[in-house]
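Line order of the protein sequences matches chains L and B. Residues 1 to 348 (this note's numbering) are what the first sequence spells out, left to right. Residues 1 to 502 (this note's numbering) are what the second sequence spells out, left to right.
No wet-lab data here; the hints were simulated from the structure. Some hints here could point you the wrong way.
Beyond 10 angstroms from chain B on every Cβ pair, some chain L residues (computed) [what the hints assert, rightly or not]:
#1 64
#2 104
#3 246
#4 263
#5 265
#6 282
Covered stretches of chain B (chain L as the covering partner; in silico rule of three or more C-beta atoms under 8 angstroms from a C-beta of chain L) [unchecked claim]:
#7 51-62
#8 289-302
Derived CB-CB ranges, DEER-like [as the list claims (entries may be wrong)]:
#9 86(B) x 134(L): 47 to 57 angstroms
#10 225(B) x 268(L): 24 to 34 angstroms
#11 325(L) x 423(B): 55 to 65 angstroms
#12 360(B) x 119(L): 44 to 54 angstroms
#13 412(B) x 327(L): 50 to 60 angstroms
#14 325(L) x 308(B): 48 to 58 angstroms
#15 317(B) x 119(L): 38 to 48 angstroms
Positions of the beta carbon are idealized from the N, C-alpha and C atoms, including for glycine.
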Amino acid sequence: MSMSLDPVATLSPHPLLSRYAECSMWLARYMERIENLARIIDVTETFVRSGASDGWRAIVQINADEERFYASHSKATADRVIAFYVIDAENPTSITSLALAARENARALRPLISTEMWSQLNIFTQFLRGLRAEDIRPSEISQLCARIKQECQTHTGITEGTFYRDQASLFYNAGRQLERADQITRLIDIKYHTLLPVAAGVGSEVDISQWTSVLRSAAGYHAYRRVMAGDLRPSSVVGFLLKSEAFPRSLVCSLRHLHNNVSRLRSDYRLRDAGGIVERIEFLRAGLDDQTVGQIITRGLHEFLDWVQRQLQDVQTEVAQAFWPPPRPVSAPDPVTIEMSGQTQSQS
Amino acid sequence: MGDSADESVTHHGTQNAASPPQHREGLFSGYLNDAFFCELTNSGGPPDPRILQLRERLGALELGDLRNRAANAERELYNLGITFTVYSERNSIDRILPFDLVPRVLTNPEWRHVEAGVRQRVTALNMFLWDIYHDQAILKDDVVPRELVVGNANYCPQMIGLDVPGKTYVHVSGTDLVRDDDGTFLVLEDNARTPSGVSYVIENRHTMLRVMPDVAAGIDLLPVDDYGVQLQKALAEVAPEGVDDPQVVLLSPGIYNSAYFEHVFLAREMGVPLVEGQDLTIENDKVYMRTTAGLRPVHSIYRRLNDEFLDPDAFNPSSMLGVPGLVSAYRKGNITIANALGTGVADDKAVYAYLPRIIRYYLSEEPILKNVETHICAEPEGLAYTLANLENLVAKPVGESGGYGLIIGPHATREELAEFRTKLRADPANYISQPVVRLSVSPTLCETGLEPRHVDLRPFAVTGRSTWVLPGGLSRVALKRGSLVVNSSQGGGSKDTWVLAS
Numbered sequence: 001m002s003m004s005l006d007p008v009a010t011l012s013p014h015p016l017l018s019r020y021a022e023c024s025m026w027l028a029r030y031m032e033r034i035e036n037l038a039r040i041i042d043v044t045e046t047f048v049r050s051g052a053s054d055g056w057r058a059i060v061q062i063n064a065d066e067e068r069f070y071a072s073h074s075k076a077t078a079d080r081v082i083a084f085y086v087i088d089a090e091n092p093t094s095i096t097s098l099a100l101a102a103r104e105n106a107r108a109l110r111p112l113i114s115t116e117m118w119s120q121l122n123i124f125t126q127f128l129r130g131l132r133a134e135d136i137r138p139s140e141i142s143q144l145c146a147r148i149k150q151e152c153q154t155h156t157g158i159t160e161g162t163f164y165r166d167q168a169s170l171f172y173n174a175g176r177q178l179e180r181a182d183q184i185t186r187l188i189d190i191k192y193h194t195l196l197p198v199a200a201g202v203g204s205e206v207d208i209s210q211w212t213s214v215l216r217s218a219a220g221y222h223a224y225r226r227v228m229a230g231d232l233r234p235s236s237v238v239g240f241l242l243k244s245e246a247f248p249r250s251l252v253c254s255l256r257h258l259h260n261n262v263s264r265l266r267s268d269y270r271l272r273d274a275g276g277i278v279e280r281i282e283f284l285r286a287g288l289d290d291q292t293v294g295q296i297i298t299r300g301l302h303e304f305l306d307w308v309q310r311q312l313q314d315v316q317t318e319v320a321q322a323f324w325p326p327p328r329p330v331s332a333p334d335p336v337t338i339e340m341s342g343q344t345q346s347q348s
Numbered sequence: 001m002g003d004s005a006d007e008s009v010t011h012h013g014t015q016n017a018a019s020p021p022q023h024r025e026g027l028f029s030g031y032l033n034d035a036f037f038c039e040l041t042n043s044g045g046p047p048d049p050r051i052l053q054l055r056e057r058l059g060a061l062e063l064g065d066l067r068n069r070a071a072n073a074e075r076e077l078y079n080l081g082i083t084f085t086v087y088s089e090r091n092s093i094d095r096i097l098p099f100d101l102v103p104r105v106l107t108n109p110e111w112r113h114v115e116a117g118v119r120q121r122v123t124a125l126n127m128f129l130w131d132i133y134h135d136q137a138i139l140k141d142d143v144v145p146r147e148l149v150v151g152n153a154n155y156c157p158q159m160i161g162l163d164v165p166g167k168t169y170v171h172v173s174g175t176d177l178v179r180d181d182d183g184t185f186l187v188l189e190d191n192a193r194t195p196s197g198v199s200y201v202i203e204n205r206h207t208m209l210r211v212m213p214d215v216a217a218g219i220d221l222l223p224v225d226d227y228g229v230q231l232q233k234a235l236a237e238v239a240p241e242g243v244d245d246p247q248v249v250l251l252s253p254g255i256y257n258s259a260y261f262e263h264v265f266l267a268r269e270m271g272v273p274l275v276e277g278q279d280l281t282i283e284n285d286k287v288y289m290r291t292t293a294g295l296r297p298v299h300s301i302y303r304r305l306n307d308e309f310l311d312p313d314a315f316n317p318s319s320m321l322g323v324p325g326l327v328s329a330y331r332k333g334n335i336t337i338a339n340a341l342g343t344g345v346a347d348d349k350a351v352y353a354y355l356p357r358i359i360r361y362y363l364s365e366e367p368i369l370k371n372v373e374t375h376i377c378a379e380p381e382g383l384a385y386t387l388a389n390l391e392n393l394v395a396k397p398v399g400e401s402g403g404y405g406l407i408i409g410p411h412a413t414r415e416e417l418a419e420f421r422t423k424l425r426a427d428p429a430n431y432i433s434q435p436v437v438r439l440s441v442s443p444t445l446c447e448t449g450l451e452p453r454h455v456d457l458r459p460f461a462v463t464g465r466s467t468w469v470l471p472g473g474l475s476r477v478a479l480k481r482g483s484l485v486v487n488s489s490q491g492g493g494s495k496d497t498w499v500l501a502s
């Protein structure tokens, strides 16, 4: 009996170009990064005005941009940080630059993605490019961030509703979860010092509202209130952001989805090279599951977060090596190693 | 529009003095067709009732309404990314090809005539290419001068003796047609390399039906949606022998190419991967694409890259766009490349002049579509005629494209004519001459309302083992008053081309 595959009923037997896989992953990463950045700017705006945060400096830290930022700015003032992160086309980590990078990836993916996905990104990028200094005045910034968040969520919704569920969508979702996991660790990390036992301000009003702003940045404030009621101890907030199974931006949640997507590359598409990556993600998940929040804090929260970030970077590197290896050099003597920047990764 | 679409610069001409105005209803009340052949209002003989119906519907629209619809159409094209991209140093700007809402209509008999003519022409071109890369009978018989072919910059020595599947070289062709005062279709030039613009044919139809549903309602048109399927089928047909389930890909120079949208469009319509040079690799003279599951074989390539960029090993060593070793794999018969290499010799301006003879030579038929009357200055009669009538002719060097080095007799000064005659006598073989063609016009939305603007027509033919012609084709329109240049780079736009179904 001859076996015939029903191409509609079975998973697509079509191979996926390596370049498409790479672009799918980075499209998702950049869009997720834009949304996170818009959230942080929005929340910082609100809380710095109320004198409760040193947030502008923190945004520069979170993106590991100190060197580049202070090369052209003497002080991390609101105006300068906002301009640097929203409209500065020279800054590769600005929302405008990230959106352009997302759009270039989407442009390469146009054979795969829906017209709606492309069209929305096209209009979004157009809008960002048109922003001028007067559009990022303090009076405008909250509305602007709301618009940017909404555009990112629209992208997510259109993608959910129209992106064909084959390999490319697994790479896309893996990218989103990887970025989300990375962002949450960075967000926690900028406040880790308030958990150090020596600090005078620990447990103070200021300290608490700083953690409140972290929760708000992650869109987790109301969920946290509902679940944790009056417990606003920093360690509880950290515990929620790292380990809540139900909070969509918690580290544990992102890692679970990441694991699921990469596992399916192996099981559904027989991509054997995914095996090693799955194991690394399992190792990472165990590192989180096997410790209580108390233990993590006692042993060193900053060190833990740093370890998670390095693991995530390794996952990205291994995915790249497995699925979009550089072409075999025709005559190059030594393999070229790509220097990863210490913190935020970007497409090489 | 990129690629060879820009090469078809048509002749410049003068607008004739106005003929008596013809009053029509509504939007057409001020429409003056200036005694040119008009595609909509005086297309010879009693008009088809459906054309009358269209005219009535259009005429009944308010100008403001039509302008709103035009603005909506433009915004939609822009937002959907139906654009070509112009890159400057720091920026990329997406531009749309201006779209005019008034369709250009071909009756079914008109279309059948064009279709048969295009098919005949493509058949002759393919036979000519096979011959000149094999026995060269047509050269031995002195029908076409040998030097014109083998001395041509586009003659590709790598193609000599290579047996391409189906004997097909020109898988995709675009034939640029114009209509003269009588409405007679004339071939202005052939595009046998990588003709572009077909995506606009299909997208224009979609836009038309969205923006003008009331105008198009109930008029039965031949569909244009089939192009991708036909192209995919043709390329699979001519894959190397012995491959059961051939993998077809579209090879694009990449996202920075101005015609990238069209490449995306075609890849999607064909259901094949859009690859760039970096996605392909050659091992043991076989072509593979890089996928997440490793290397996968590729059998047919629809390339949207010119010959010289295809393979740095064979042509331009500095090209980063191509695939090293591709030509060698091609020579081994392991890959089909569409269009084949070296087809540029067939759409050369000088060879064009011989096309009627080429058709008679291989097919023993008269050309169905006539060339614009062309005088070959390499021949004594042609030279004599050109010298004697230069003030009424367009004379152009055969090796140039884009209108470079040509003279438009009626526009030239006495000194310029004298100077050109000297050049002609010094090197007659380098020139051909043609009369100035008074291109047909079509009503087009302009500043003051509907005005006549000159149009051409580029039908697209797809050839695997046989030839299929997409009904209609790209109608380009010169938006500037009096201009005969339809190129997008020089103020040209496009129209939806309707072929009546019966």
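Here's how the hints hold up against the structure:
At roughly 26 angstroms, the least C-beta separation between residue 64(L) and chain B is larger than 10 angstroms, which holds for a residue marked as non-interface. A Cβ of chain B approaches the Cβ of residue 104(L) within 10 angstroms, the least distance being about 7 angstroms, so the stated non-interface status is violated. Taking the minimum C-beta to C-beta distance to chain B, about 32 angstroms, the non-interface status of residue 246(L) holds against the 10 angstroms cut. Consistency note on residue 263(L): stated as away from chain B, and its beta-carbon is indeed over 10 angstroms from all of that chain's, at 15 angstroms minimum.
Chain B draws residue 265(L) into its interface by the beta-carbon criterion, the shortest separation being 8 angstroms against a cut-off of 10 angstroms. With a minimum CB-CB distance of about 21 angstroms to chain B, residue 282(L) clears the 10 angstroms threshold, and the non-interface call stands. Beta-carbon proximity to chain L at under 8 angstroms applies to 0 residues in the segment 51-62 of chain B; the threshold of 3 is not reached and the given coverage is violated. Residues of the segment 289-302 of chain B lying with their CB closer than 8 angstroms to a CB of chain L number 6, which satisfies the three-residue condition for coverage.
Look at residue 86(B) against residue 134(L): about 28 angstroms separates their beta carbons, and that is not inside 47 to 57 angstroms. Between residue 225(B) and residue 268(L) the beta carbons are some 32 angstroms apart, a value that agrees with the proposed interval 24 to 34 angstroms. At roughly 57 angstroms, the beta-carbon separation of residue 325(L) and residue 423(B) lies within the given 55 to 65 angstroms, and the hint holds. The hinted range of 44 to 54 angstroms is satisfied by residue 360(B) and residue 119(L), whose Cβ atoms lie roughly 51 angstroms apart.
Taking 50 to 60 angstroms as the suggested C-beta distance range, the pair residue 412(B) and residue 327(L) conforms, at roughly 54 angstroms. At about 29 angstroms, the CB distance of residue 325(L) to residue 308(B) disagrees with the hint of 48 to 58 angstroms. Distance hint for residue 317(B) and residue 119(L): a CB-CB separation of about 40 angstroms, consistent with the stated range 38 to 48 angstroms.
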